[in-house]
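Participant: Same order as they appear, the protein sequences are chains A, B, C and D. Per my numbering, numbering through the first sequence is continuous, rising by one, with the last residue being 216. Per my numbering, numbering through the second sequence is continuous, rising by one, with the last residue being 432. Per my numbering, numbering through the third sequence is continuous, rising by one, with the last residue being 648. Per my numbering, numbering through the fourth sequence is continuous, rising by one, with the last residue being 864.
If you're looking for bench data, these hints aren't it; they were derived computationally from the structure. Warning: the hint list may mix true and false statements.
[Stated by the list, open to error] Computed from the model, here is a short list of chain C residues facing chain B with C-beta under 7 Å:
hint, residue
1, Asn-438
2, Asp-445
3, Gly-446
4, Ala-471
5, Pro-482
6, Phe-491
7, Leu-558
8, Leu-562
[Said to hold, decoys possible] Sample of chain A residues at the chain D side, in silico, Cβ under 7 Å:
hint, residue
9, Asp-13
10, Ala-17
11, Val-18
12, Ile-27
13, Ala-39
14, Pro-42
15, Phe-59
16, Gln-72
17, Ser-78
[To be verified] DSS-like cross-link-like pairs, simulated, lysine-lysine; straight-line CA separation at most 27 Å:
hint, chain 1, residue 1, chain 2, residue 2
18, C, Lys-541, C, Lys-460
19, D, Lys-676, B, Lys-244
20, A, Lys-109, D, Lys-676
21, D, Lys-757, D, Lys-676
22, C, Lys-541, D, Lys-757
23, B, Lys-325, A, Lys-28
24, D, Lys-757, A, Lys-109
25, A, Lys-109, A, Lys-28
26, C, Lys-541, A, Lys-28
27, B, Lys-244, B, Lys-325
28, D, Lys-757, C, Lys-460
29, C, Lys-460, B, Lys-244
30, C, Lys-460, B, Lys-325
31, B, Lys-244, A, Lys-109
Just so it is clear, CB atoms sit at the ideal spot from N, CA and C, and this is done for glycine as well.
Number of protein chains: 4
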Amino acid sequence: MQLGRNRVEALTDGVFAVAMTLLVLDIKVPELEQSLSSAELPFRLLALWPKFLTYAISFVILGVYWVGHHMQLSFIRSADRPLLWINILFLLWVALVPFSTALLSEYTKHRLAIVVYGANLIAIGLTLALHWWYATSRRRHVDPDVDPGLVRTAMLRVLMGPLLYLLGIAISIFSTELSLALYALIPVLYILPGRLDVHWGMRGQEKSKRAEAKKI
Amino acid sequence: MQLGRNRVEALTDGVFAVAMTLLVLDIKVPELEQSLSSAELPFRLLALWPKFLTYAISFVILGVYWVGHHMQLSFIRSADRPLLWINILFLLWVALVPFSTALLSEYTKHRLAIVVYGANLIAIGLTLALHWWYATSRRRHVDPDVDPGLVRTAMLRVLMGPLLYLLGIAISIFSTELSLALYALIPVLYILPGRLDVHWGMRGQEKSKRAEAKKI
Amino acid sequence: MQLGRNRVEALTDGVFAVAMTLLVLDIKVPELEQSLSSAELPFRLLALWPKFLTYAISFVILGVYWVGHHMQLSFIRSADRPLLWINILFLLWVALVPFSTALLSEYTKHRLAIVVYGANLIAIGLTLALHWWYATSRRRHVDPDVDPGLVRTAMLRVLMGPLLYLLGIAISIFSTELSLALYALIPVLYILPGRLDVHWGMRGQEKSKRAEAKKI
Amino acid sequence: MQLGRNRVEALTDGVFAVAMTLLVLDIKVPELEQSLSSAELPFRLLALWPKFLTYAISFVILGVYWVGHHMQLSFIRSADRPLLWINILFLLWVALVPFSTALLSEYTKHRLAIVVYGANLIAIGLTLALHWWYATSRRRHVDPDVDPGLVRTAMLRVLMGPLLYLLGIAISIFSTELSLALYALIPVLYILPGRLDVHWGMRGQEKSKRAEAKKI
Numbered sequence: 001m002q003l004g005r006n007r008v009e010a011l012t013d014g015v016f017a018v019a020m021t022l023l024v025l026d027i028k029v030p031e032l033e034q035s036l037s038s039a040e041l042p043f044r045l046l047a048l049w050p051k052f053l054t055y056a057i058s059f060v061i062l063g064v065y066w067v068g069h070h071m072q073l074s075f076i077r078s079a080d081r082p083l084l085w086i087n088i089l090f091l092l093w094v095a096l097v098p099f100s101t102a103l104l105s106e107y108t109k110h111r112l113a114i115v116v117y118g119a120n121l122i123a124i125g126l127t128l129a130l131h132w133w134y135a136t137s138r139r140r141h142v143d144p145d146v147d148p149g150l151v152r153t154a155m156l157r158v159l160m161g162p163l164l165y166l167l168g169i170a171i172s173i174f175s176t177e178l179s180l181a182l183y184a185l186i187p188v189l190y191i192l193p194g195r196l197d198v199h200w201g202m203r204g205q206e207k208s209k210r211a212e213a214k215k216i
Numbered sequence: 217m218q219l220g221r222n223r224v225e226a227l228t229d230g231v232f233a234v235a236m237t238l239l240v241l242d243i244k245v246p247e248l249e250q251s252l253s254s255a256e257l258p259f260r261l262l263a264l265w266p267k268f269l270t271y272a273i274s275f276v277i278l279g280v281y282w283v284g285h286h287m288q289l290s291f292i293r294s295a296d297r298p299l300l301w302i303n304i305l306f307l308l309w310v311a312l313v314p315f316s317t318a319l320l321s322e323y324t325k326h327r328l329a330i331v332v333y334g335a336n337l338i339a340i341g342l343t344l345a346l347h348w349w350y351a352t353s354r355r356r357h358v359d360p361d362v363d364p365g366l367v368r369t370a371m372l373r374v375l376m377g378p379l380l381y382l383l384g385i386a387i388s389i390f391s392t393e394l395s396l397a398l399y400a401l402i403p404v405l406y407i408l409p410g411r412l413d414v415h416w417g418m419r420g421q422e423k424s425k426r427a428e429a430k431k432i
Numbered sequence: 433m434q435l436g437r438n439r440v441e442a443l444t445d446g447v448f449a450v451a452m453t454l455l456v457l458d459i460k461v462p463e464l465e466q467s468l469s470s471a472e473l474p475f476r477l478l479a480l481w482p483k484f485l486t487y488a489i490s491f492v493i494l495g496v497y498w499v500g501h502h503m504q505l506s507f508i509r510s511a512d513r514p515l516l517w518i519n520i521l522f523l524l525w526v527a528l529v530p531f532s533t534a535l536l537s538e539y540t541k542h543r544l545a546i547v548v549y550g551a552n553l554i555a556i557g558l559t560l561a562l563h564w565w566y567a568t569s570r571r572r573h574v575d576p577d578v579d580p581g582l583v584r585t586a587m588l589r590v591l592m593g594p595l596l597y598l599l600g601i602a603i604s605i606f607s608t609e610l611s612l613a614l615y616a617l618i619p620v621l622y623i624l625p626g627r628l629d630v631h632w633g634m635r636g637q638e639k640s641k642r643a644e645a646k647k648i
Numbered sequence: 649m650q651l652g653r654n655r656v657e658a659l660t661d662g663v664f665a666v667a668m669t670l671l672v673l674d675i676k677v678p679e680l681e682q683s684l685s686s687a688e689l690p691f692r693l694l695a696l697w698p699k700f701l702t703y704a705i706s707f708v709i710l711g712v713y714w715v716g717h718h719m720q721l722s723f724i725r726s727a728d729r730p731l732l733w734i735n736i737l738f739l740l741w742v743a744l745v746p747f748s749t750a751l752l753s754e755y756t757k758h759r760l761a762i763v764v765y766g767a768n769l770i771a772i773g774l775t776l777a778l779h780w781w782y783a784t785s786r787r788r789h790v791d792p793d794v795d796p797g798l799v800r801t802a803m804l805r806v807l808m809g810p811l812l813y814l815l816g817i818a819i820s821i822f823s824t825e826l827s828l829a830l831y832a833l834i835p836v837l838y839i840l841p842g843r844l845d846v847h848w849g850m851r852g853q854e855k856s857k858r859a860e861a862k863k864i
């Protein structure tokens, strides 16, 4: 079922591309009343800062989860119906992000918006963790000799997200600004290289060596 | 015309990805009047429940039909102009789903919205059945030795959808709530593994065995 | 530069998928004032018929041009900068279709809307013809031994579209309804199999025979 | 990590396709008040000219950057986490273009709109230059024997964009019309074939020769 994987990737990449690009629709061009002098425009653009901030936060965190999904699929060798459905559930949460981002950008100081946004990203993270658990438990859809250390490291890395977003929600009791700051920080943590890259990098090199060997 | 199949898949995956992600545009962030206290927001979000429900129903049922199309194409070996056009008709109905979903979410208690939504999904199901019938009748575009049991089982599975949506429309005479409940149930029925998976799974294994054999 | 073709296909399929699916955004759910009885909804939905009609016309004609582009690329063996740019110009017109469709659906009885819609589709058709001319003249990007009859037949078929849309624009002097009827008819003409399919089909069979031969 | 490149391409092509097609949403069908005669429509459509102009400018310049990214990836042999993240940053700026285009089309005579639009395209260009620099410095992700002349020529070509947009912003002190004219001119400069094509073309020919040789 290699074909299957190609199409799962195509749908996933499509939903991510559309969801990431739709985020921009939340940033609306300010309308100036005729009576106002054009000197008003800079202030109106500056007032859009929460829109730009949440656009960047959501774009990058969707990039993070896209990379995570990408990494998982690079280890998965086959697929069955439950795995397909876990993937569709994952995409259902991903496609909701433009809504929760618009909510957060409109109500940056309301705890509820912080909670809804965090909950959406926790749902994405947990579904991705379920995807990994289902594929790797009893080596169902990965190579039987896959490094158990890699399986564990990847799982911890995926679970880090939901934990941090839970923390972000908890912090909002004290300060919504602090929550927002944490939300902005989470993608950065994922961008930093981690222990997982060692596994991934090695595997990539091994693969290209094998490909090299084949050519000869 | 293998190339052809790749591009049909690309257009199909693209239309599905966009249609599924556009569903979120129907869930609009509530606008609070300045005079209202922020305590109003939770109630306004809760009032959006029909939007969230229909979003989930439509997202998952589109996922169902995407998996169904995916399964059909995995058996189809060639294509001709009529098959291409049946596929485009199929996509025409798929791309209408964001409209019929928005109608249903706005008028959950109107029979007409129930009927229009059901009719849209019946059209998708019947076109997918036509696609399968055209490809398999006289083994036009599938392997000549494809299991007739599989051809029949897949057809019954595709036709189950339109029948259930017809039932949903009929039930709306008595209760639109019951219709909505049935609509929410239909995707779940498709998610459960069926007799078809036996065929599909076996074929997948066979294929990977052949691929295995090729490598050696 | 095979890779190049893959990516040109990916961008093209993406723009077509998005443009075709965005058409649905023009069909807006009718808003009923609170005071109106729900019996009003059927009439409001029926009043949307020009939206549904133009949605279907545009969706299918975009399908026609997608198939045409698809057929051209299946003969093209290489690419250079001008070909890439003709393709991007082609996509520029394609992505405008949601606008000209919305204009036509809003002003079905205005000659200007008929003209703008027709002009948009003429631009698509002429750019596709330019694409074919550039690729095939002096056999620049196709096999040197490609059948000259096929090159001519394909060109005539592409040019049929702009001619028919020109006729549609001319007819609008007498009756916009007649123009609209012609616009609805044009995709149907393309769906009917033509002389081109003989070439294409033969080539497809040849290809699969070669593929067959390779396997043995 | 060949697989990785395929998926990076898929996400990139998806974001470009969606961003380019979303541009059309800024061109809204004019609404005529009932009282106005239909003779008003032509003037209302003509008044949309800044929307059409900025649509074309942005569509083509996105095409330019898509071709540029495409050319870079055709030389890149591997990927690592930083390269992936530079790519996502690149897409973040690309997906913002529908906003800055809408701003420019609404406020063509405001210097600020000229500055914001130019800044967005400078950001795209500089990120693409960073992508090339990271991939080629110390031959990190390209063939070790890649022609240094090509690396330099490609870099200069990428940097030409940001420089010209900077000039466009500077000119706006004197005349926003002149800036707009320069913005319209920049894509044309990129469409003209340059010294880079010699490298690219030669390489393409070499490749196809190798492929030829393989077949024999």
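Participant: Within 27 Å, alpha carbon to alpha carbon, are Lys-244(B) and Lys-109(A)?
Facilitator: holds, 19 Å
Participant: What's the verdict on Lys-325(B) and Lys-28(A), does the C-alpha distance respect the 27 Å limit or exceed it?
Facilitator: violated, 33 Å
Participant: Could you check if Asn-438(C) really has its C-beta closer than 7 Å to a C-beta on chain B?
Facilitator: violated, 9 Å
Participant: Verify the proposed pairing of Lys-676(D) with Lys-244(B), using a straight-line Cα cut of 27 Å.
Facilitator: holds, 20 Å
Participant: Taking 7 Å as the limit, does the beta-carbon of Ala-39(A) come near enough to a beta-carbon in chain D?
Facilitator: violated, 10 Å
Participant: Given the hint that Lys-541(C) pairs with Lys-28(A), test it: the Cα-Cα distance must not exceed 27 Å.
Facilitator: Violated. Lys-541(C) to Lys-28(A) sits at ~32 Å, over the 27 Å cutoff.
Participant: Double-check Ile-27(A) for me: the hint is only fine if its C-beta lies closer than 7 Å to a C-beta in chain D.
Facilitator: Because about 5 Å separates Ile-27(A) from the closest Cβ in chain D, which is inside the 7 Å limit, the hint holds.
Participant: Per the CB criterion, is Asp-13(A) less than 7 Å away from chain D?
Facilitator: The hint holds - Asp-13(A) has a Cβ within 7 Å of chain D, the shortest such distance being about 4 Å.
Participant: Please verify whether Lys-109(A) and Lys-28(A) have alpha carbons no more than 27 Å apart.
Facilitator: Holds, at roughly 20 Å.
Participant: Go through the hint on Phe-491(C) and say holds or violated, using the shortest Cβ distance to chain B against 7 Å.
Facilitator: This hint holds: Phe-491(C) lies near chain B, its Cβ roughly 5 Å from the closest one there, short of 7 Å.
Participant: So, Gln-72(A) near chain D? Judge it on the closest CB pair being under 7 Å.
Facilitator: Because about 12 Å separates Gln-72(A) from the closest Cβ in chain D, which is outside the 7 Å limit, the hint is violated.
Participant: Let's test the interface hint: is any C-beta of chain B closer than 7 Å to that of Gly-446(C)?
Facilitator: Where the cut-off is 7 Å and the nearest Cβ of chain B is about 6 Å from Gly-446(C), the hint holds.
This entry does not satisfy hints 1, 4, 5, 7, 8, 13, 16, 17, 20, 22, 23, 24, 26, 28, going by the numbered hints stated previously.
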